[in-house]
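**Student:** Chains as they are written, first to last, in our numbering: chain A, 1 to 123; chain B, 124 to 234.
Hints may be right or wrong, so weigh each one.
Have a look at the derived ranges for each label pair, beta carbon to beta carbon [claimed, not checked]:
(1) B/ALA136 <-> A/ASP74: 47 to 57 angstroms
(2) A/PRO9 <-> B/THR142: 22 to 32 angstroms
(3) A/ASP58 <-> B/PRO130: 29 to 39 angstroms
(4) A/ALA46 <-> B/ASN176: 21 to 31 angstroms
Bear in mind the hints are in silico, worked out from the structure with no lab data behind them.
Virtual Cβ for every residue (Gly too), placed ideally from N, Cα, C.
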Amino acid sequence: QITLKESGPTLMKPTQTLTLTCTFSGFSLSTSGVGVGWIRQSPGKALEWLAVIFWSDDKRYSPSLKSRLTITKDTSKNQVVLTMSNMDPVDTATYYCAHRLGADVTGGRFDSWGQGTLVTVSS
Amino acid sequence: QSVLTQPPSVSGAPGQRVTISCTGSSSNIGTGYDVQWYQQVPGTAPKFLISANNNRPLGVPDRFSGSKSGTSASLAITGLQAEDEADYYCQSYDTSLSGWVFGGGTKLTVL
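Isolated chain A (complex conformation) (with noise of 0.2 angstroms):
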């Protein structure tokens, strides 16, 4: 059974930068196909896709985001770590870390996704 759980700061200030820790159980991020990525949901507001880290260490972010995000992962803790610098209101959201199941670094499906961090922005 595939679990996965968010774990960060609950409230931020403008311009600080935000490190989200995803914890995973019942797989292995050394299998190949296997990513976890990251996704958000504003209030109220449909999901965005933000970043993913590949069992090959490959990584993609989007690219209206990328220069604020990296995403790193630990395979002897399983654990995935997204920053984001530079954090800003608009950035609050629920933030979600999912596992990617795909047969390569394209495609695939968010298949079991962890129950979300509310993250919230303001001075």
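Starting from the structure of chain A, add chain B where the hints point.
**Tutor:** Frame of chain A, contents of chain B only:
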């Protein structure tokens, strides 16, 4: 503005059939990549529901079906039940963006 376009809302009475459309372009749905559908009950995390080629997790009833044609995809729900009331999102991979894209979401109301 989402890359994939969905109707904001659909509704139907219990037992009826509803469809939710998802329109994209030649760089996402129009490619060979599959389209995925997610169900999100308000206040909870999204859940993978079904893909356009009808891959579905265990536990998802066959009342849900997916399809794709050209640059569009559809989710059909037959025998509508009260528990189906949720938000539904489509998702694909975009080769121009080299990333994953979602639709704007569709709120399904069971009358």
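**Student:** Taking the CB of A/ASP58 and the CB of B/PRO130, does the distance hold inside 29 to 39 angstroms?
**Tutor:** 35 angstroms, holds
**Student:** Just tell me: holds or violated, for the beta carbon distance of B/ALA136 and A/ASP74 against 47 to 57 angstroms?
**Tutor:** 50 angstroms, holds
**Student:** Looking only at beta-carbon atoms, does the pair A/ALA46, B/ASN176 fall within the given range of 21 to 31 angstroms?
**Tutor:** Hint holds: Cβ distance 23 angstroms, inside 21 to 31 angstroms.
**Student:** Given a hint of 22 to 32 angstroms, does the C-beta separation of A/PRO9 and B/THR142 actually sit inside it?
**Tutor:** 41 angstroms, violated
Hint 2 from the list above is the single one not met by this structure.
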